[in-house]
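Order-wise, the sequence lines are chains A and B. Going left to right, the first sequence walks through residues 1 to 428 as the UniProt record's numbering numbers them. Going left to right, the second sequence walks through residues 1 to 428 as the UniProt record's numbering numbers them.
Since the hints were made in silico from the structure, they are not lab data. All values derive from a computational prediction rather than experimental measurement. Some clues are possibly wrong.
As the list claims (entries may be wrong) - The calculated DSS-like cross-link candidates involving lysine-lysine, where the alpha carbons are at most 30 angstroms apart (straight line), are:
| # | chain 1 | residue 1 | chain 2 | residue 2 |
| --- | --- | --- | --- | --- |
| 1 | A | K97 | B | K5 |
| 2 | A | K114 | B | K291 |
| 3 | B | K102 | A | K385 |
| 4 | A | K291 | B | K428 |
| 5 | B | K428 | A | K385 |
| 6 | B | K291 | A | K178 |
| 7 | B | K329 | A | K428 |
| 8 | B | K428 | B | K5 |
| 9 | B | K329 | A | K79 |
| 10 | B | K97 | A | K97 |
| 11 | B | K291 | A | K385 |
| 12 | A | K79 | A | K102 |
| 13 | B | K97 | A | K114 |
| 14 | B | K5 | A | K102 |
| 15 | A | K114 | B | K114 |
| 16 | A | K200 | B | K5 |
| 17 | A | K385 | B | K114 |
| 18 | B | K144 | A | K144 |
| 19 | B | K428 | A | K97 |
| 20 | B | K114 | A | K97 |
| 21 | A | K329 | B | K291 |
| 22 | B | K8 | A | K102 |
| 23 | A | K385 | B | K97 |
| 24 | A | K200 | B | K144 |
| 25 | B | K102 | A | K102 |
| 26 | A | K102 | B | K428 |
| 27 | A | K102 | B | K385 |
| 28 | A | K329 | B | K329 |
Protein chains: 2
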Amino acid sequence: MNIIKYPKQEEWAEICQRPHLDITQLQATVNTVLSDVRTRGDEAVKEYEERFDHAVLTSLAVTEAEIDEAERLVSEELKAAIVLAHENIHQFHAAQKFEGHKIQTREGVTCWQKSVAIEKVGLYIPGGTAPLFSTVLMLATPAKIAGCREIVLCTPPNREGKVNPAILVAARVAGVSKIFKAGGVQAIGAMAYGTQSVPKVFKIFGPGNQYVMAAKQQVSLGEVAIDMPAGPSEVCVLADETANPTFVAADLLSQAEHGIDSQVLLISTSEDMMQQVQAEVERQLNLLPRKEITQKALENSRMVLVASADEMMALSNAYAPEHLIIQTKNYDEMAAQVVNAGSVFLGQYACESAGDYASGTNHTLPTHGYATAYSGVNLDSYCRKITFQHLSEEGVRQIGHAVELMAGAEQLDAHKNAMSVRLNAIEK
Amino acid sequence: MNIIKYPKQEEWAEICQRPHLDITQLQATVNTVLSDVRTRGDEAVKEYEERFDHAVLTSLAVTEAEIDEAERLVSEELKAAIVLAHENIHQFHAAQKFEGHKIQTREGVTCWQKSVAIEKVGLYIPGGTAPLFSTVLMLATPAKIAGCREIVLCTPPNREGKVNPAILVAARVAGVSKIFKAGGVQAIGAMAYGTQSVPKVFKIFGPGNQYVMAAKQQVSLGEVAIDMPAGPSEVCVLADETANPTFVAADLLSQAEHGIDSQVLLISTSEDMMQQVQAEVERQLNLLPRKEITQKALENSRMVLVASADEMMALSNAYAPEHLIIQTKNYDEMAAQVVNAGSVFLGQYACESAGDYASGTNHTLPTHGYATAYSGVNLDSYCRKITFQHLSEEGVRQIGHAVELMAGAEQLDAHKNAMSVRLNAIEK
Chain A
1 MNIIKYPKQE EWAEICQRPH LDITQLQATV NTVLSDVRTR GDEAVKEYEE RFDHAVLTSL
61 AVTEAEIDEA ERLVSEELKA AIVLAHENIH QFHAAQKFEG HKIQTREGVT CWQKSVAIEK
121 VGLYIPGGTA PLFSTVLMLA TPAKIAGCRE IVLCTPPNRE GKVNPAILVA ARVAGVSKIF
181 KAGGVQAIGA MAYGTQSVPK VFKIFGPGNQ YVMAAKQQVS LGEVAIDMPA GPSEVCVLAD
241 ETANPTFVAA DLLSQAEHGI DSQVLLISTS EDMMQQVQAE VERQLNLLPR KEITQKALEN
301 SRMVLVASAD EMMALSNAYA PEHLIIQTKN YDEMAAQVVN AGSVFLGQYA CESAGDYASG
361 TNHTLPTHGY ATAYSGVNLD SYCRKITFQH LSEEGVRQIG HAVELMAGAE QLDAHKNAMS
421 VRLNAIEK
Chain B
1 MNIIKYPKQE EWAEICQRPH LDITQLQATV NTVLSDVRTR GDEAVKEYEE RFDHAVLTSL
61 AVTEAEIDEA ERLVSEELKA AIVLAHENIH QFHAAQKFEG HKIQTREGVT CWQKSVAIEK
121 VGLYIPGGTA PLFSTVLMLA TPAKIAGCRE IVLCTPPNRE GKVNPAILVA ARVAGVSKIF
181 KAGGVQAIGA MAYGTQSVPK VFKIFGPGNQ YVMAAKQQVS LGEVAIDMPA GPSEVCVLAD
241 ETANPTFVAA DLLSQAEHGI DSQVLLISTS EDMMQQVQAE VERQLNLLPR KEITQKALEN
301 SRMVLVASAD EMMALSNAYA PEHLIIQTKN YDEMAAQVVN AGSVFLGQYA CESAGDYASG
361 TNHTLPTHGY ATAYSGVNLD SYCRKITFQH LSEEGVRQIG HAVELMAGAE QLDAHKNAMS
421 VRLNAIEK
């Protein structure tokens, strides 16, 4: 890890830089696959599954029998862990339910918001060596609480045409309605446009490789909404002299193992702590199976020594990390100053993996500095707040004249007239 | 208006069709302007202002003196209307403040959400013949309530280099921090990248022509968030035999006058009502200054006769209108069945222009069927919900083992280890 001591504020922009993501080069390939799926539906999806996932499929839908089989394949111990995580995620997201109140802005003018679930949502779960069944819980649990009528999940099968059993178990626990064997761009296309077997959805959630990201971006320009733009995962750890270097090192490594483009940033007021963390990183790194990936990610990563707690916080807010771990003596005070972050972990025991799996918070979070403008996935992500209003005759009297004046000044006479005909009617 | 009687459900997709929007052809022009603004900043913005708005500017910033002058130019009557509208918008959006609660998902595992304002937001207000000062109130009022530190507004000047005075007055009333004379693509670029005088923002709000839409879409792929994808404005009116045909006709016309691509849909269970509305539309149309535009929009518009109130509601939900007006005897029951809409107006007195200007609800709403997945602008649009968590030793005991198991099953050993080092520490 690169060490930067007492940087000037002019150097912060450089420290906050992310690896550059250019997915425009993929766009041509992505567009070809998308338009093919749009035109030919299931047939195209099956062909791409054969080409990219080497799976020959007769049907895209996962059957109940396949899920039953998955239940037998997953250990009782892991199932219990999935159920515990689901309970916590459910409890935290259920507490986010919105209750609107009717507001009388003037006598006879009543306005309110109502939260209504998006009818159909699509969840994408990547395949590959590590089956992200935890992401199934994170995306499907709030969809179910919101009341989405249709919760569709696409995930690529292996060469035998099978989906990882832990993914199927998690999907059943969380209440997914339909599961399809489809990965990559073809899965995103299937959910965006609908095929003979995959329903068209209104919003697509979930992580993926660069092709999946590019496909989500593309369909979000026209067909569907998406959860958020994506980028490589990242963590920022703020540690003072009271932090536990073993814990801090483990937290940095847990982020770095995600991929070679992951980013890890340690900001500390204690040079001694930084040195201890560095030694611990070296020691723990050698014990990890994903050592090579982790090491590459650490090469892009930084340890920054700063003069004060305020500066730690200011630099973190400038970086806008996806995950922010605060291991300082006054973590509560510092938490109050967080302006830009996806999810914040306070104190020495709140490791990122607690929130990644089982504490109850969501792990689908804004990366790449998007925390400046985006929230992580939460119950709101599955709902729309629709506004309602009712006016009585008195309401028309209270605001009618102002509406006429403003519409007239905007030269929108038909707008004005819509109020005038009502004012005339009640004045009769 | 085209009349369709008792359509079969297979014909609904055709009825719900919007005019096709293809802005890809504009993309090359848009990208040229954006990259020029990114490179050359203020100088480029000034050159494009001269070329497109025929305004020669020495400085982009609107001065306090110019706002003072605007205050003198706007009538006291209009100012009072702006203040009344602002009060109502303020009251309705202030009531949307989020209060998070700490949730203990397990003993020692505490999670919560905190709503934090986006630090810097940019508002775009189009110029042209009709100065949309009402949109200034709609976009700046919630930004101020949210606590955005910097509220930047860009709007094109006229040939004399002046901004419409009502826009400046509304901006001062609503609490905009900085106003710049810049329109079109160059304004979007200035706010997305920042220039010498215009601050870079994290999210851009506001309507605009096709170039502005294309520019917002483009910068949203990398630099900033945007409020929502945009399309032509639209209304759907549900009217049974108890509706007032004069009011219904006025409401249809008020939407149609926006532009030739505006869409208007009347769904009714009463053929008699439809005929009366049609006669009223003809009569009122002849009195409107924007008759030609309005007439063109009506040519793309439809009146649909259906068999029941349930069918009215179902067709409306399939259409997913930006504005939905329900003028039926049982409007409260029908309101409960709204699934897809931006903003809903209930009963005969709640005309769309009430909400467009002064009732308190926001008028920046999802068009083009995006109401299936997007909310209109509301207080949330200016905030992020950041999650926080704290674990005690007991918290680690409660969920630690589940985290280890799940991380292990996902083959993320460093994630597992981050929990293991803590479990080991507390077991000592």
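Hints, verified against the model:
1. A:K97 to B:K5: violated (41 angstroms)
2. A:K114 to B:K291: violated (36 angstroms)
3. B:K102 to A:K385: Judged against 30 angstroms, a Cα distance of about 23 angstroms means the pair holds.
4. A:K291 to B:K428: holds (28 angstroms)
5. B:K428 to A:K385: violated (50 angstroms)
6. B:K291 to A:K178: violated (50 angstroms)
7. B:K329 to A:K428: holds (22 angstroms)
8. B:K428 to B:K5: Violated. K428 (chain B) to K5 (chain B) sits at ~78 angstroms, over the 30 angstroms cutoff.
9. B:K329 to A:K79: violated (53 angstroms)
10. B:K97 to A:K97: holds (14 angstroms)
11. B:K291 to A:K385: It is violated: about 34 angstroms lies between the C-alpha atoms, which goes past 30 angstroms.
12. A:K79 to A:K102: violated (44 angstroms)
13. B:K97 to A:K114: holds (14 angstroms)
14. B:K5 to A:K102: Roughly 37 angstroms separates the two Cα atoms, so the pair is violated.
15. A:K114 to B:K114: Distance ~21 angstroms between K114 (chain A) and K114 (chain B) Cα, so the pair holds.
16. A:K200 to B:K5: holds (28 angstroms)
17. A:K385 to B:K114: Satisfied, since the Cα-Cα distance of roughly 19 angstroms is no more than 30 angstroms.
18. B:K144 to A:K144: violated (34 angstroms)
19. B:K428 to A:K97: violated (41 angstroms)
20. B:K114 to A:K97: holds (14 angstroms)
21. A:K329 to B:K291: violated (69 angstroms)
22. B:K8 to A:K102: violated (37 angstroms)
23. A:K385 to B:K97: Holds. K385 (chain A) to K97 (chain B) sits at ~14 angstroms (cutoff 30 angstroms).
24. A:K200 to B:K144: Status violated; Cα separation ~38 angstroms.
25. B:K102 to A:K102: Measuring from Cα to Cα gives roughly 25 angstroms; hence the hint holds.
26. A:K102 to B:K428: Not OK: K102 (chain A) and K428 (chain B) at ~55 angstroms, beyond 30 angstroms, violated.
27. A:K102 to B:K385: holds (23 angstroms)
28. A:K329 to B:K329: Violated - the C-alpha atoms of K329 (chain B) and K329 (chain A) are around 63 angstroms apart, more than 30 angstroms.
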